[in-house]
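Enquirer: Now for the letters of each chain:
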Amino acid sequence: MSELKLMKGNEALAEAAIRAGVDAYFGYPITPQSEVIEYLMTEQPEKRTGMVVLQAESEIAAINMVYGAASTGKKVMTSSSSPGISLKLEGISYIAGAELPAVIVNVVRGGPGLGTIQPSQADYFQSVKGGGHGDYKLYVLAPASVQEMSDFVEDAFDIAFKYRAPVLILSDGLIGQMMEKVVLKDQQERLTDEEVIKKYDSWATTGKTNRERNIITSLDLQSEKMEARVHRLMKKYEQMELEDTRYEEFQTEDAEYLFVAYGSSSRIAQKAVKLARKKGIKAGLVRPITLFPYPKKVLFKLANQVKGILSVELNAGQMIEDVLLSVEHKVPVAHFGRTGGIIHTPEEVLEALEQKIIKNGSIRHHKTRESSIL
Amino acid sequence: MTEEIIIAGFGGQGVLSMGKILAYSGIMQDQEVSWMPSYGPEMRGGTANVTVILSDERISSPYLQLFDTAIILNQQSMDKFEKSVKPGGLLLYEPNGIHKHPTRTDINIYQIEGNKISTEMGNKKIFNMVVLGAYLKLKPIVNLKNVIEGLKKSLPERYHHLIPLNEEAITKGMEATKAYISKKHEYSN
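Protein chains in written order, with my numbering: chain A, 1368 to 1741; chain B, 3 to 191.
To be clear, the hints were calculated from the coordinates, so they are not data collected in a lab.
Each statement offered as a hint is correct.
A few chain B positions that, by computed beta-carbon distances, are all more than 12 Å from chain A:
#1 ASP70
#2 ILE183
#3 SER184
Below 25 Å or equal to it, Euclidean Cα-Cα: the simulated SDA-like pairs (lysine to any residue) are:
#4 B:LYS88 to A:ILE1648
#5 A:LYS1372 to B:PRO39
#6 B:LYS88 to A:THR1712
#7 A:LYS1649 to B:ILE61
#8 B:LYS155 to A:GLN1554
#9 A:LYS1372 to B:PRO158
#10 B:LYS85 to A:GLU1715
#11 B:LYS88 to A:GLY1647
#12 A:LYS1641 to A:PHE1667
#13 A:LYS1372 to B:ILE165
#14 A:LYS1372 to B:SER57
#15 B:LYS82 to A:THR1483
#16 A:LYS1646 to B:THR4
#17 A:LYS1645 to B:ILE109
#18 B:LYS88 to A:ILE1709
#19 B:LYS85 to A:GLU1714
#20 B:LYS154 to A:GLU1410
#21 A:LYS1645 to B:GLY90
#22 B:LYS82 to A:ARG1705
#23 A:LYS1641 to B:PRO89
#24 A:LYS1646 to B:ARG60
#25 A:LYS1552 to B:GLN31
#26 A:LYS1372 to B:ASN148
#27 B:LYS155 to A:GLN1411
#28 A:LYS1641 to B:MET3
#29 A:LYS1645 to B:TYR65
#30 A:LYS1641 to B:ASP70
#31 B:LYS85 to A:ILE1709
#32 A:LYS1641 to B:GLN67
#33 A:LYS1372 to B:GLU5
#34 A:LYS1552 to B:LYS154
#35 A:LYS1372 to B:LYS147
#36 A:LYS1372 to B:GLN31
Ideal Cβ positions, reconstructed from N, Cα and C, are used throughout, including at glycine.
With the sequences and hints as input, model every part of the structure.
Expert: Laid out in structure tokens, this is it:
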């Protein structure tokens, strides 16, 4: 039976982890994400499902615990906020290289450095353009509501095991700290050791049975073998693009101007669409749900329809690069976003559209006409 | 129906829990709700505020610049949020501790002496419920039955014996709110 509750995003994610039958959570507290581990410690899921919850001595220890536990075919996860994720990146690169399923959650705060504890989306580059070293990518899910903080835990594990690859849930302080209605999923049983062997014996270190030994490593000193591994990873990422790209469109059917925004910014941009339409401006919104793979095709298609695009992000301009790559310069693209932990208001977003796209667009048009007369 | 509210005051006045009870009351009558607190250093002994939205539709931005209602419980919050009330909107405030009263003439301004009433009732902790009562009198967006259900949901069971006291505080608040006609501040232009 599904259950309706009022919860913070961080709490909903923690409860979803228990209900998804996760075997272990390794973490280290940091604002604005600490409610995840606080909730898990209070709930004591070891009594409910046998799930292990452990506060490690550091972020680096936590991610390496994830690396080790994921090697055994168990469902494992960790969470942190920006500076903590920076510490985890070495381990994340190893997990990607060793082709292991794991879920990492980043409840983003402002940076760089220790930055601020207030919400931000300035970890976009870190999340989708590598972050750690080497040729790897993370499948990145960006929740925009407390409901999605809950739902995406199971989705993330599905993808992680489908591709045997690490998945990142990229949230931020706003979604993590706010409370909304959430419908919780039913409790799933954790897999037994026998079930894990049955499902993952082909690669996991489940204890040697009558098979060749499984070795989990990201190290391949033979260049040909290492290149084959990289090719294998790239093939997975291609398949992710084909099969698992996710996005949502809001009032795009007749849109003349487009916002592109994910996570908390998409909520603010959605309100800006409503305000714009009240003023007679036909605005729409595309919300990428996966940041890698990026919903390039829908943006490419809409670039034939709209007069300009505003990339709305709580950062100094990061996702705009993917918007530009997607639309191949068919329309003007600009960025708007506040930084330092300040959240832009719907009114500011609409004003930015008017100033940076609508006004500039018409000036450019006017000039072209003038020059053609001359 | 969409009601966008900011509740702002000192940490410890029950700002966040008042918002939470309001949000739960909305859920009880099948509405969409969001509760977005200020968090971080400003909560520790300083000001606290929370944006609460109740709506019949899916809620877009949980973070806003303008509000239908501002419930203001200290001077800092008055300075910050008086200008954030939409024209025609509602500003409800606790006059105790306010030395610069609101000056706008394009909004509806009401006072509720929550401190005085809760002290008279012998329990200062129900201050926020007195204020909530005043608000619900002015904007009956949720009915009392759903508020009580909301209280049951948001209070741990060991406090459920206090629910009748909370209900009484809400009722007292409903009776005690009064309109305030703003006089333009003599130094303002």
